[in-house]
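Using the sequences plus the hints, can you model the full thing?
Heads up: the sequence lines are chains A and B, in that order.
As numbered in the numbering used here, residues 33 to 373 make up the first sequence, in order.
As numbered in the numbering used here, residues 77 to 248 make up the second sequence, in order.
Worth double-checking, as some hints may not be accurate.
Chain A is faced by these chain B residues, among others (derived, beta-carbon under 10 Å) [unchecked claim]:
#, residue
1, R82
2, V84
3, W93
4, S94
5, F114
6, T119
7, Q121
8, G174
No lab work stands behind these hints, which were simulated from the structure alone.
Because the structure is a prediction, the values reported are computed rather than measured.
Glycine included, each C-beta is placed from N, C-alpha and C at the ideal position.
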Amino acid sequence: MEWLPIIDKSVLILIIFLISLGIAAYSTYAERKVAAFLQDRIGPNRAGPFGLLQPIADGVKMFMKEEIIPSAADKFLFMLGPCIFMMTALMTSAVIPWGKPLDIGGYQMNLQVADINIGVLYIVATASVGVYGIMLGGWASNNKFSLLGAVRASSQMISYELAMGLSIIGVLLISNSLSLSDIVKGQEGFHWNIIYQPLGFLIFLICAFAECNRAPFDLAECETELVGGYHTEYSSMKLGMFLFAEYVNMFISSALIVCLFFGGYNFPGIDNLDLPQNVASIISVVIFFAKTFFFIFFFMWIRWTIPRFRYDQLMKLGWQILLPLSIFNVVATAAWLTFVK
Amino acid sequence: MKLTNRSVVVSKKELTWSEKLYLPAITQGLGITISHFFKKKATVQYPEVEKPRTEIWRGRHVLKRDEEGRENCTACGLCAVACPAEAITMEAAERMKGEEHLYREEKYAATYEINMLRCIFCGLCEEACPKDAIYLTDRLVSPEYDRQDFIYGKNKLVEKIDDRIDIVPRKK
Chain A
33 MEWLPIIDKS VLILIIFLIS LGIAAYSTYA ERKVAAFLQD RIGPNRAGPF
83 GLLQPIADGV KMFMKEEIIP SAADKFLFML GPCIFMMTAL MTSAVIPWGK
133 PLDIGGYQMN LQVADINIGV LYIVATASVG VYGIMLGGWA SNNKFSLLGA
183 VRASSQMISY ELAMGLSIIG VLLISNSLSL SDIVKGQEGF HWNIIYQPLG
233 FLIFLICAFA ECNRAPFDLA ECETELVGGY HTEYSSMKLG MFLFAEYVNM
283 FISSALIVCL FFGGYNFPGI DNLDLPQNVA SIISVVIFFA KTFFFIFFFM
333 WIRWTIPRFR YDQLMKLGWQ ILLPLSIFNV VATAAWLTFV K
Chain B
77 MKLTNRSVVV SKKELTWSEK LYLPAITQGL GITISHFFKK KATVQYPEVE
127 KPRTEIWRGR HVLKRDEEGR ENCTACGLCA VACPAEAITM EAAERMKGEE
177 HLYREEKYAA TYEINMLRCI FCGLCEEACP KDAIYLTDRL VSPEYDRQDF
227 IYGKNKLVEK IDDRIDIVPR KK
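So, in structure tokens, the structure goes:
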């Protein structure tokens with residue numbers, strides 16, 4: 033029987049790995065479709081029905097491109113950059129609870145790879161390691177534009193990580209736990225954290241945009257100002273990995289927002305239906321993904337609405353507005369929990 | 077003097093506190109973009125769907141034949157002179173005995189070339205033509221891979237005897 037958990041976790045890891053990659057691939061398609069629709073266009077519709085094979089065509093194109101490593105580049109670090117970025121992006125998904133446990137012949141299959149009691153800390157830590165991918169990639173290219181892009185990206189990510197971490201503390205104070213499964217369980221029914229932590233949610237959302245290098249915080253790779261940012265010298269699938277990892281990041285960020293603030297797999301009234309355990313479990317997974325997809329859409333929606341920040345505005349927003357606000361949020365939440373509740 | 081009724085007076089007043097939050101403005105912006113999500117798309121799916129063109133659209137040229145199938149063009153060169161883009165070149169030749177069923181008059185164009193990359197489709201050649209020979213039609217110039225292929229010779233310009241091209245709307 034002691035093999036069962038190992039098989040169970042291996043299967044779960046494989047499924048989550050494939051789902052993350054699949055969703056990231058189709059996010060690129062969705063991004064182009066959403067962008068087109070928001071601009072009164074139609075978007076890709078030639079490859080397959082409704083252009084659904086577009087991500088495959090893009091992937092094949094990426095693989096067929098010539099692989100170039102600059103002669104002055106540090107080859108090992110140059111290769112390591114996209115690897116770290118992709119790996120950390122995928123690693124974050126390990127602690128996210130995807131749904132209620134499944135019941136397979138008496139065995140309780142927990143739909144979460146690792147229910148560790150420092151889940152939130154693990155996510156914040158892994159996300160910070162992702163900066164090394166960008167920094168190494170930019171530095172190892174031995175190109176001033178790459179280096180500038182990398183410096184911009186990493187200083188931005190480090191600045192916003194502070195406010196992001198502090199904005200989560202409010203949630204942690206309410207749920208009394210660092211484990212993501214406990215946080216989600218604490219939001220049963222309609223006790224979603226967004227109701228108690230609107231300010232924390234707003235700060236977290238803004239920081240998530242900045243952490244993912246998404247518009248309006250896409251200064252790391254702003255095509256109109258830098259040549260291409262930290263991945264200027266990258267080509268072929270190594271470039272593909274960087275771009276792809278950003279979409280994985282976007283998916284994980286959306287899942288995290290759902291877990292922390294929008295009740296994860298919970299939905300008001302679903303517990304009163306008295307469904308069999310497995311049906312309830314599958315419905316909870318569907319609910320979770322529906323919420324996640326909404327936030328992925330929201331990421332794209334924001335991208336085509338708000339223009340890019342100037343660099344000084346970005347730093348001012350991060351350090352002078354979001355950081356004090358998040359500290360205020362922590363103090364206010366703590367005071368409310370101590371004196372009112 | 078007011079040049080247009082769409083002009084707006086720019087005000088440089090300080091932003092109020094609620095405006096400095098930017099959130100109401102961002103929400104408004106999100107509303108505008110999402111309204112476009114459901115709007116009718118402007119795209120025309122070109123190879124399958126063609127945009128409707130007016131009857132007097134000035135497109136690809138045709139060299140007309142008369143009712144008996146003889147070429148109208150006498151290579152007088154007035155179209156080439158009229159052409160502001162200098163897209164038309166031709167060489168004249170004399171009609172031989174036995175060719176009366178091919179050419180209407182004693183002189184005809186041995187070669188007649190229009191460079192479709194130079195042509196600006198102004199229609200001055202058609203106005204200049206005294207023999208009703210050249211007309212612009214509602215057809216499009218098709219894309220090519222080679223620049224040379226855009227120089228249309230008589231094989232592409234002269235209408236086929238069994239496949240006449242209707243230029244009635246342009247004759248009005």
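Outcome of the hint check:
1. R82: It is violated, given that the least Cβ distance between B/R82 and chain A is near 21 Å, above 10 Å.
2. V84: 20 Å, violated
3. W93: 13 Å, violated
4. S94: 15 Å, violated
5. F114: 8 Å, holds
6. T119: Since the shortest Cβ distance to chain A is 5 Å, the answer is holds.
7. Q121: 8 Å, holds
8. G174: Given a least distance of 54 Å, the restraint on B/G174 is violated.
This entry does not satisfy hints 1, 2, 3, 4 and 8, going by the numbered hints stated previously.
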